[in-house]
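**Q** Quick note, the sequences are listed as chains Y and S, same order. Using the working numbering, you'd call the opening residue of the first sequence number 107 and step up by one each time. Using the working numbering, you'd call the opening residue of the second sequence number 11 and step up by one each time.
Derived by calculation from the structure, the hints in this document are not laboratory data. Watch out, some of these pointers could steer you wrong.
What the hints assert, rightly or not - With a straight-line cut-off of 30 Å between C-alpha atoms, the simulated DSBU-like cross-links for lysine-lysine are:
1) Y/K346 / S/K95
2) Y/K346 / S/K103
3) Y/K415 / S/K34
4) S/K160 / S/K276
5) S/K276 / S/K261
6) S/K37 / S/K229
7) S/K276 / S/K229
8) Y/K415 / Y/K117
9) S/K95 / S/K261
10) S/K96 / Y/K346
11) S/K34 / S/K101
12) S/K274 / S/K37
13) Y/K346 / S/K229
14) S/K274 / S/K34
15) S/K37 / S/K276
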Amino acid sequence: MSNNLIVEREKGLVELERRIAELREASAAQPLDMSAEIAGLEERYQAILRELFGSLSPWEKVHMARHPARPTSLDYISRFDRFDELHGDRHYRDDPSIVGGFAFLRSRAVMVIGQQRGRDTRENLRRNFGMPAPEGYRKTSRLARLASRLQLPVVTFVDTKGADPGISSEEHAQSEAIAVCLQTFATARVPIVAAIIGEGGSGGALALAIADHVLMLEHSTYSVASPEGCAAILWSDASKAEEAAARLKLTADDLRRFGVVDEIIVEPLGGAHRNAQDVVTRTLDAVDRSVARLSSLSPEELLDERYEKYRRLGEWQAQSLQPAGTAQ
Amino acid sequence: MMREWLPSRRARETPRNDAALWVKCPKCGEVLYRRDLAASLFVCTRCSYHFRMSAYDRIASIVDGDFTEIASEVLPSDPLQWSDKKSYQTKLKSDAENSGLSESVVCGFATIGRFPVALGVMDFHFRGGTMGRVTGERITRLFEEARRRKVPCIIFAASGGARMEEGMLALMQMAKTTAAVARFMEDGNFFLVVLTDPTTGGVAASFAFQADVIVAESKAMIGFAGRRVIEQTIRQRLPDQFQTAEFLLEKGAIDMVVDRRELKEKLVRLLEYAVREPVSP
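Here chain S stands alone, though its shape is the one from the complex (with noise of 0.2 Å):
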C-alpha cells in the first residue's frame, strides 16, 4: 500500500523536544531561532553544528518534492512482551507520540535533482534508531522494491545498533537487510548510504558498511562499538576526534565528508555517474 506524502501535514515532524522557538546550540551555545535553524537545514549558522534531523525534515531536505512512503502500514509488535524499567509497548508508544513516527525509518519512494530513487531515513529520536524487526522489513521491501524498478537506492542511516527489546528477531535484521542489499547490488544497482550523527552497531555493521559509495555527516559519529563501551574496554578516555566521520575519512573507512547544507548538490552529482537518464519534469 502506498501513501502520499503530504507535507502540510508533516509540519510537526520536529520531536516534541525542540518545540520551542528558540534552541540553544549544543556546542557552541549560541541561541538560535527556530525557523532560522529549520532554513539553515537544523546546521548551526554560528558554529556549523549539525543537529539531530528527524526523518520527514530530512526527506523534505533532499527530495524534489514528491515522496510516496512506503510499507507505512508496516508497524511495530512486541515479539518478547519485553520489559525493563518500563515496557516495550510503553516505549514504543511514546516514542510515536514524541516523533511523530511509527518505526526507526521511513522509506519510500522520490526523485532527487529529477533522479528516481529508493529512500530510506533512520530517525534516532525514535528508539535511538535502533533497528527491530519492522525497521529490517521495510528496508528489506525498500531494495527489493528498488530492484524490480531498477533504481538507485540511498539510506540515512542514524542507529544505536540493534533493538535489544526484541532480542535475536532484531539481531536476524542484519541478516535479512544484508541479503536484500546483496541482490540489489548484484543486479548492477547503485546503492549510496549516508551516515548521520550516530550510526554504531549493527546498522553500521550490516547494510550502512555494504554500500558502493558512503558519505558521512560532518562530525557525525560513527563505529561499531559505542564510545563508553571502548573507554571501559581500554580504561582510558577517548580522544574527541576518535569515532567522527573526519576519523574515518583519515582511516579510509568512509569516501567523503559533506555538510549538510551542500548534500543535496552532491548526491546528484554522485547519482549522475549512476542514471543516466533522469525522469523529465
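Next comes chain Y alone, as it looks inside the complex (with noise of 0.2 Å):
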C-alpha cells in the first residue's frame, strides 16, 4: 500500500487500462469490429479520470507533486539536445541530489542544474531522496558563477523536499551553501529561468529559483515548510497536515497570483507523470521563449529587472493592523 493518495486513487484504473489494452490487441488480432466497446470503455476511462482527478486540492497537489512516476530533473535534461555533466564542490565530495552541467537547448548552450530524487528506492538512497547537502549548492554556486563569467543562461529544475537536515549538512554549514546559492543567482549576469517540476519545499528549493522567470508545473507546489512540518510545528499535530496545505497557498494558481511563479505549465488529466513527453516539451519549449526572451537585455537591466522583482514580492502596503506595544 502507497502513502501516496494519487498513487491509491489509481489503483482503480489499472483495471480499467487493462481491459482496455486487452481488447485493443483483441480487435487488432481478428476481424470483428470492436471499436465500439472501445471507445465505450475509453470514454468511461476519461470520464473517472475526470472525476478523480478534475479539481485537486491542495493537499491532492502535495500527493501529486510527491508522485513517483512524475518526470524529475533528469527527465527534462535528458531531452535537451546536449548535456556534458559536471561534478563536485571543489572541496569535499560531489552531491547526486543535484545534478548540473553544460547543455544545449534548441542550439542555445546553457548551464543547466536540478535537483534529482530518486526514481526507485536504490536511486533514492543514492540521491538522498532530492535533498541536497551544502556540497549540492556549493556545485550548483559553482556552475552558476562559471555561466555568469560564459555568458551562459542558468536553467534550473527544482525537486526537494527541501535540504538536508542531517549532522553532516550542519556540520558543512548547510546555511552558508544556501546563502551564497542565493547570493549567487541574485548576482548572475545571466538570463536565469527556474522551473518547479515537483515539489519546492522551502529555503533548499529557493536556493535554485531566484530567477528572471518562474515556471511552475500545474500540480506542482512550492511552500515556505512542508505542510507537514507546518502542522507539526504550529499546529502541534501533524495530522492537520492536510489543513495546512490548504492555508500555506502552495499551488501554482496561487503563487501566480502573488507574483512568485509567472507562468504555469498545464498538466494533462492526472498529472505531468501520464504524459510525460508531452510535459517535457511544453516545458522545455516555455524555458525555451524565457531565455531567448531574457537574451536580449544586458547584464545590466537583466540586474535591475531581477532586484525591482524581488523587491515587489510581498510588498508592504499601509495596514490596518495596529501594534499594541509601539508609542504613538
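Can you join these two chains into the complex? Each is in its own frame, and there are hints to help.
**A** Written as C-alpha cells, this is what we have:
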C-alpha cells in the first residue's frame, strides 16, 4: 500500500486500462469490429479520470508533486540537445541530489542545474531523496558563477522536499551554502529561468529558484515549509497537514497570483506522468521562449529587473493592524 | 519617516515574562536580582549564561546613545488570513503587547564607538524572530539606505526562520534581503553580523551567512535545521555541543565567538578596519 493518495487512486484505473489494452489487442488480431466497445470503455475511463483528478485540492497536489512516476529533473535534462555533466563542489565531494552541467537547449548553449530525487528506492538512497547537502549547493553556486562568466543562461529544475537536515550538513554549514547560492543567483549577469517541476520545499528549493522567469507545473507545490512540518509546529499535530496544505497557499495558481511564479505549465488530466513526453516538450518550449526573450537584455537591465522583481515581492502597503506595543 | 529613539520611553522594553524582580538562571539555577542582570547585559553573573535580549535592550547596550529608527511605520499584516490554533492577527497583537515591538526586527542608524553604522536588531520575543514580509522589508530598506550613506551595516540575528503564517511571501524575503545585501556589498560596504541565540532556518540561510564577518555570542544555537527536526530524521539524540557557536567556530563556519560583555568593544575594533573616519563627537 502506497502512502501516496494519487497512487492509491490510480489503482482503481489499472483494471480498466488493462481491459482497454486487451480489447485493442483482440480487435487487432481478429476481423471482429470492437471499436464501439473500445470507445465506450475509453469514454468511461476519461470520465473516471475527470472524476478522480478533475479538480485537485492543495493536499492532493502535494501528493501529485511527490508522485513516484512524476518526471524528474533528469527526464527534462535528457531531452536537451546535449548534456555534459559537471561534478563536485571542489571542496569535499559530489552531491548526487543535484545534477548540473553544460547543455544545449534548442541549439543554445546553457548551464542546466536540477535537484534530482531517485526514481526507485536504490536511486533515492544514492540521491538522498533529492535533499541536497551543502556540497550540492556549493556545486550549484560554482556552476552558476561559471555560467555568469561564460555568458551562458542558467536553467534550473526545482524538485526537493528541502535541504538535507542531517548532522554532516550542519557540520558543513548548510546555511552558508544556501545563503551563498542565493547571493550567486541574485547577482549572476546572465538570464536565469527556473522551473518548479515537483516539490518546492522551502529555502532548499529557493536556492535554485531566484530567477528572471519562474515556471511552475500546474500540480507542483512550492511552500515555506512542508505541510507536515508546518502542522507539527503550528498545530502541534502532524495530522493537520491537510489543513496546513490548504492554508499555506502552495499551489501554482496561488503563487501566480502573488507574483512568486510567472507562468504555469498545464498538466494532462491525472498529472504530468500520464504524458511525460508532452509535458517535458512544452516545459522546454516555455524555457526556451523565456531564455530567448531574456537574452536580448543587457546584464545591467537583467540585474535591475531581477532586483525590482524581488524588491516588490511581499510588498508592503499601509496596514490597518495597529501595533499594540509601540509608543504613538 | 524617521523617529527619534527615546530611551526613557523604552524603559519597559523587556518582555512581560521577564518583568519580575528576581530572575532565575535557567542554566545554573542562580537567582539573580533583575537590576544586576541588566547591568551585566543579561549575562548570568555566576555562570555567564547569555539570556535572550530584547531588541531595544540590545540597541542600548551597543550604541553610543543615539539611535534613529527607520521603517517603524511599516507594520505587519495578514496576507493569507492565516489561522491555526489561533489566528495570525491575534498572535501579532499578543506578541506586540508582550514584546513592545511591532515586528521581529528594529532597524535604524546609530554610532558605535563614534562610527556611524546601520543597525538591524532582531528579537526572538516577537514571533520567534521569524522573518515575515515586514521583517524583510525593514531589513531591505536598511541595506538600501546604508548603501546610499556608505556606512557599514551590523545585523544582530535571532530567528526561527521564515514565518509560516505568511507562506511563500515570507520565504521570498530571503530573496529580497539577499538582493539588497548583495548590492550593498558590491559597492564595497562592510557587513557584519552577530549571531545570537537562536539563529536558524531562512534567516541563517540568507543574509545572516552572507556577512563579511560573522561573530556569534557564546553558546548561541546556530544552524539551518532545528535540533528536533534533525533528531527525528536521524532517530538519535544529538550531543549538547552540536550547533553551538563554539561548534560552528571549530567547523570553520564563523569568525569568532564573543562574550556579550565584550561585544561592543570588539565591534568597535572591527569597525576600525572598515571605516577610517569616525564622526567627531
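**Q** Take the hints in turn and mark each one as holding or not.
**A** Hint check results:
1. Y/K346 / S/K95: Distance ~11 Å between Y/K346 and S/K95 Cα, so the pair holds.
2. Y/K346 / S/K103: Given that 30 Å is the threshold and the Cα spacing comes to 24 Å, the pair holds.
3. Y/K415 / S/K34: violated (48 Å)
4. S/K160 / S/K276: Cα-Cα ~21 Å, so holds.
5. S/K276 / S/K261: Holds, at about 22 Å.
6. S/K37 / S/K229: holds (12 Å)
7. S/K276 / S/K229: holds (17 Å)
8. Y/K415 / Y/K117: It is violated: about 43 Å lies between the C-alpha atoms, which goes past 30 Å.
9. S/K95 / S/K261: Violated, at about 39 Å.
10. S/K96 / Y/K346: Cα-Cα ~14 Å, so holds.
11. S/K34 / S/K101: holds (27 Å)
12. S/K274 / S/K37: Since the Cα atoms of S/K274 and S/K37 sit roughly 24 Å apart, the hinted pair holds (cutoff 30 Å).
13. Y/K346 / S/K229: Violated - the C-alpha atoms of S/K229 and Y/K346 are around 34 Å apart, more than 30 Å.
14. S/K274 / S/K34: The given pair, whose Cα atoms are some 26 Å apart, holds under the 30 Å limit.
15. S/K37 / S/K276: Distance ~26 Å between S/K37 and S/K276 Cα, so the pair holds.
Hint compliance for this structure: hints 3, 8, 9 and 13 are broken, all remaining hints hold.
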